[in-house]
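Asks: Knowing the structure of chain F, use the given hints to seat chains V and P on it.
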Amino acid sequence: MRNLASLLFAGGLGFLLMVFGLQFDFGNAPMLVGQAIQSAAPEQVGAANIVTAVVLGYRGIDTLGELAILFAASTAVGLILGHRHTSTKPDPDSGLILRAGGELLMPLLLVVGLYIILHGHLTPGGGFQGGVILAAAFFIPVLARPSTPLKHTGMMLIEGFSGAAFILIGLAALYSGGEFLQPLLDKGTLGNLVSAGTLPLLYLAVGLKVGAELAGLLAHLAAAEVSES
Amino acid sequence: MTLFGLEITLDLILYTGAFGLIVIGAAGIVLAHHLFRVILALAIAEAGANLLLVLSGYRWDAIAPILSGSESAAPMVDPVPQAMVLTAIVIGVGVQALAVGLAMQVKKTYGTLDMSAIRQRLEADIAGTAGIATTGSQDAPLGERPLPPADAVPVTPGSSAR
Amino acid sequence: MNQIVLIVVLPLLAAFLVPIVARMSASLGAALGPLVMGVCLWITGTVAIESAGNAFAINIGGFMPPLGITFFVDRLALLFAFLTALLVLVLWPFQGEHRPREHALTLILAAASGGLALSGDLFNIYVFYELVSVASVGLVATGRRSSAPAIRYLILSGFGSVLALVGIALVYTQTGTLNLAHLSQLAPTHLINPIGLAAFALILLGVGVKAELFPVNTWVPEVYATAPNRVSALLAGLVSKLAALVILRLLVLVFAQEQALLVMLLLGLLGVITGELAAWRAQDMNRMLAYSSIGQLGMVFVAFSIPGETGVFAGLAIALHHLVVKPALFLLAARWGGALSGLAGAAGGNLPAALLFTLFALSLVGVPPLPGFWAKLLLVMGLAEQVGPLYHFALAGILIATVVEANYLFRIVSTLFHRDSPA
Numbered sequence: 001m002r003n004l005a006s007l008l009f010a011g012g013l014g015f016l017l018m019v020f021g022l023q024f025d026f027g028n029a030p031m032l033v034g035q036a037i038q039s040a041a042p043e044q045v046g047a048a049n050i051v052t053a054v055v056l057g058y059r060g061i062d063t064l065g066e067l068a069i070l071f072a073a074s075t076a077v078g079l080i081l082g083h084r085h086t087s088t089k090p091d092p093d094s095g096l097i098l099r100a101g102g103e104l105l106m107p108l109l110l111v112v113g114l115y116i117i118l119h120g121h122l123t124p125g126g127g128f129q130g131g132v133i134l135a136a137a138f139f140i141p142v143l144a145r146p147s148t149p150l151k152h153t154g155m156m157l158i159e160g161f162s163g164a165a166f167i168l169i170g171l172a173a174l175y176s177g178g179e180f181l182q183p184l185l186d187k188g189t190l191g192n193l194v195s196a197g198t199l200p201l202l203y204l205a206v207g208l209k210v211g212a213e214l215a216g217l218l219a220h221l222a223a224a225e226v227s228e229s
Numbered sequence: 001m002t003l004f005g006l007e008i009t010l011d012l013i014l015y016t017g018a019f020g021l022i023v024i025g026a027a028g029i030v031l032a033h034h035l036f037r038v039i040l041a042l043a044i045a046e047a048g049a050n051l052l053l054v055l056s057g058y059r060w061d062a063i064a065p066i067l068s069g070s071e072s073a074a075p076m077v078d079p080v081p082q083a084m085v086l087t088a089i090v091i092g093v094g095v096q097a098l099a100v101g102l103a104m105q106v107k108k109t110y111g112t113l114d115m116s117a118i119r120q121r122l123e124a125d126i127a128g129t130a131g132i133a134t135t136g137s138q139d140a141p142l143g144e145r146p147l148p149p150a151d152a153v154p155v156t157p158g159s160s161a162r
Numbered sequence: 001m002n003q004i005v006l007i008v009v010l011p012l013l014a015a016f017l018v019p020i021v022a023r024m025s026a027s028l029g030a031a032l033g034p035l036v037m038g039v040c041l042w043i044t045g046t047v048a049i050e051s052a053g054n055a056f057a058i059n060i061g062g063f064m065p066p067l068g069i070t071f072f073v074d075r076l077a078l079l080f081a082f083l084t085a086l087l088v089l090v091l092w093p094f095q096g097e098h099r100p101r102e103h104a105l106t107l108i109l110a111a112a113s114g115g116l117a118l119s120g121d122l123f124n125i126y127v128f129y130e131l132v133s134v135a136s137v138g139l140v141a142t143g144r145r146s147s148a149p150a151i152r153y154l155i156l157s158g159f160g161s162v163l164a165l166v167g168i169a170l171v172y173t174q175t176g177t178l179n180l181a182h183l184s185q186l187a188p189t190h191l192i193n194p195i196g197l198a199a200f201a202l203i204l205l206g207v208g209v210k211a212e213l214f215p216v217n218t219w220v221p222e223v224y225a226t227a228p229n230r231v232s233a234l235l236a237g238l239v240s241k242l243a244a245l246v247i248l249r250l251l252v253l254v255f256a257q258e259q260a261l262l263v264m265l266l267l268g269l270l271g272v273i274t275g276e277l278a279a280w281r282a283q284d285m286n287r288m289l290a291y292s293s294i295g296q297l298g299m300v301f302v303a304f305s306i307p308g309e310t311g312v313f314a315g316l317a318i319a320l321h322h323l324v325v326k327p328a329l330f331l332l333a334a335r336w337g338g339a340l341s342g343l344a345g346a347a348g349g350n351l352p353a354a355l356l357f358t359l360f361a362l363s364l365v366g367v368p369p370l371p372g373f374w375a376k377l378l379l380v381m382g383l384a385e386q387v388g389p390l391y392h393f394a395l396a397g398i399l400i401a402t403v404v405e406a407n408y409l410f411r412i413v414s415t416l417f418h419r420d421s422p423a
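Chains as they are written, first to last, in the working numbering: chain F, 1 to 229; chain V, 1 to 162; chain P, 1 to 423.
What the hints contain is simulated information worked out from the structure, not anything from laboratory work.
All C-beta atoms in this analysis are idealised placements derived from N, C-alpha and C, irrespective of residue type, glycine included.
Just so you know, not all the hints are guaranteed correct.
So these bits of chain V aren't anywhere near chain F, every CB distance computed over 12 Å [to be verified]: (1) L40; (2) A43; (3) V90; (4) A97; (5) Q120; (6) E123.
From the structure, some residues in chain P lie toward chain V, with a derived Cβ separation under 7 Å [what the hints assert, rightly or not]: (7) F82; (8) F123; (9) E130; (10) R145; (11) S147; (12) A150; (13) I151; (14) G158; (15) L165; (16) V166; (17) A169; (18) T173; (19) A225.
Pulled out of the complex, with its shape left as it was, chain F reads as follows (with noise of 0.2 Å):
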C-alpha cells in the first residue's frame, strides 16, 4: 500500500515537472548574466576557461564554500568514526601485479592531477578535478599495500594550510585596499600558462587541498572498517 502511494506520488511529481519542463524555451537561455560575463571576462579576469573565470572570480566565495563544504563533511567523518580502530588486524597486502601497478600510476596521476590543476584556467579541468586525481594518486599505494596507511599528520597539514593559503590570498587582496577575493596580481596574456593573476596559485590551492583531504577521508573510511555481523 505505502509502495503503490509512493509510486503514486512520484510518477505524479514526474509528470507534473514534466509539464513545466515542456515549457520552457530549450536552447534559447535567456544569458543576461552570461553574456556579460563573456564580454567582461577576458579584461577582467584574463582567463581563457571563462566557466574558471566565473568559478575563481565572479563567484569566488562559491568555491570558498564549497571547499569548506568538503572539509566538514571530511571533519565530521572523522568525528564521527573515532580513532582508528588498531586492534583490528589490517588487510594483507595485495598481490605483486596490484603492487607494482600501485607503485607506477601513483607519479603518473601524480603528474596528471597537478597538469589539470594548473591548466585550470585554460582548458576544461581545475582544482577539483585535479584534486580528485590526486586523492587517487595519495590512496592507491593504501589499498595496494594496506599495511601501511596513510599519513594522515602530512595530509591533515597539506589540508589545513592550503585551504589558509585560499582564504589568506583574499584577504591579500582585501588589505591591499580591494575587496576580498579581488583577482590581484598582473593579467599577463590570454591563453598563457602564467596568465589570469591569483587564479592558477587559488585553483593550486583548491587542488591541493581536495586532493589531500578526499584521501584522508577515503582513509578514515577504510580504516574503520566494521565486521560484517
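Replies: Just chains V and P now, with coordinates in the frame of chain F:
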C-alpha cells in the same frame, strides 16, 4: 518523429532524463529498505538536478565557453550554470561521503542497515533514555517474538500432544 | 565598512587551522574558536555603528552586480549576524573533552550562518545553506546513539536541497540571473506564472527542511531527542530562524505572488496544528520542546503569509522571541532531561532554574506583559485584519494552538512545583 502522438524532440529526451532521474531518486529514498540504497537514490536525484541545471544554459549551435587564440565570434553557451554545477557536484560528493560515514556508524551501533529495524530500535532507544515505557506494536507486542493467539488451538481427536 | 565580510571569512580560516593548531598546543587550539567569535561580535558591532542604520551592499571580489556576488547588509542582516556570533559564543562547547574537530565544525556553522544572513545571491544562499546542513549534521552526530537520527536528517536535507536546486534551475531558465536585487526587478515580468510558483514551492520545501516546515519536519523530534542539548539549542534557535529569514527574503523580493502567500499560510497552519498537538501528547522533555518548536515556526510562516508590513513584523517578532527563549529552554531542560513524569518536585532541587523555566514557558505561551504576548498579539491582529476565509481559519487555529500550548506547558510547570511526594 512522433510517438504516441507526442513529438520526440531533443529537449523532450533531455528533460525526461533529468526529471526522470530526480523522480527515480525520490522514489528510491521513500521505498528502499536498505540504508545504502537510500544513499544511492539520493546520489541519483542529485545527478538529475545537476543535469537539469546544465540544460538551462544551453544555446543552439553554440561552442564551449573557452577562448581559443582565434577570435571567432561564435556564440558560447552560458558559463554560469556550468560553474553552478561544478559547485553542486562537489557539494553532493561531500554530502554522500558524510552519509556513508554515518551509515558505517549506524551499522556499528545498531548492527543492521535495514530501515524499518533501525526505526524501531531508534524509537526504543529514545524511549529508553527518556525513561518512558516503549509503546509496543501490534506485530511484535513484546518487542521481538509475537505472542501466540489468546485462544488455544483445540486439540483434534486423534492427535496427541507428545 | 566592507570588513563585514570577515564574519564569514575569519571563522572559516580558524576552522581550517584549528586541527593543526590544536596538534601543536591544545590550549591555544581550544582558545582560538571563542577568540574568533569574539572578534566577529566586535566587527558586527562596529559596522552597525558605522553604518548608522543605512543599508549598504558589498561586491565580493570587486565585480559589479549582477556579474559578481553581493552581500546586502541592512539592519535585519546585521541583527542576525550579531545574534549568530552571540549565540555561537554562548553555546560554545566549553566543557567536556576538547575535540578540535568539534570546534572546527562549530566555527564553520557560525561562518555559514553569517553568510546566510548577509548574502544577496540565490546560489550563494544555496551554498551557505548546504554548508550549514553538513556542519549541523556533523555536530548532531556527536551525541550518543544519534547516528540514526543524523542520517535521516541528512537524507531528508539532501533531498530538500535537490528540490531547491531544481527550483533555482527553474528561476534561472526564466530570468538568466541569480542576484536577488536583479531578480526582484525581473520578477513581475518573468516569474508571475506557474513556473515561478512551482519554483517557489520547490525552494520553500527545500529550505523548509531546516525551518521545520510541514511536511518536511519529520526529522525534528528524533534529532532534538538524541543530539547534545547545546546542539539542539543551536539548531532550534539559530539555524531554523536563518532558514525562515531566507524564505522571507525570497518571498518579499522574488516571489511576491498571492498564491505563494497562500501556500505558506497553508503549510504554516498545518505545522502549527500538528506541532502543538504532538507536543501535547509528548512524554519526554526534549521531544516536547521539539514539537513546540515546530508549532512556533509554523506561526512564523503564518505571519509571513500576511501581505504587507504587519506580517513581516509579526513574523520577525515571533522568530526573534523564539530565538532567545528556545535555546534557554533547551539548556534548562538539559539538567532535567528525561520523562516528564519524573520531574515531580524537581523545583525543590534547583529553584532559580525552575523559576526561569516558568518565566520562559509563560513568555512562549504569550502571557502579558512578557515579550511573547506582544509578538502573538501582532500576529493575531494582523490575521484579523485580513479578508479571506483561510486567514480567519488560521486565526482560529492559532488561538486553539495557544490554548493547547498553555495546557501542556502549565502541566510541566505544575509538575515541577509539585509538593506532594509520589505515593
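Asks: Compare the structure with each hint and give your call.
Replies: Evaluated hints:
no., hint, result
1, L40, "16 Å, holds"
2, A43, "14 Å, holds"
3, V90, "5 Å, violated"
4, A97, "5 Å, violated"
5, Q120, "16 Å, holds"
6, E123, "18 Å, holds"
7, F82, "28 Å, violated"
8, F123, "6 Å, holds"
9, E130, "5 Å, holds"
10, R145, "5 Å, holds"
11, S147, "4 Å, holds"
12, A150, "6 Å, holds"
13, I151, "4 Å, holds"
14, G158, "5 Å, holds"
15, L165, "4 Å, holds"
16, V166, "5 Å, holds"
17, A169, "5 Å, holds"
18, T173, "4 Å, holds"
19, A225, "5 Å, holds"
In terms of the numbered hints stated before, the structure departs from hints 3, 4, 7, listed from lowest to highest.
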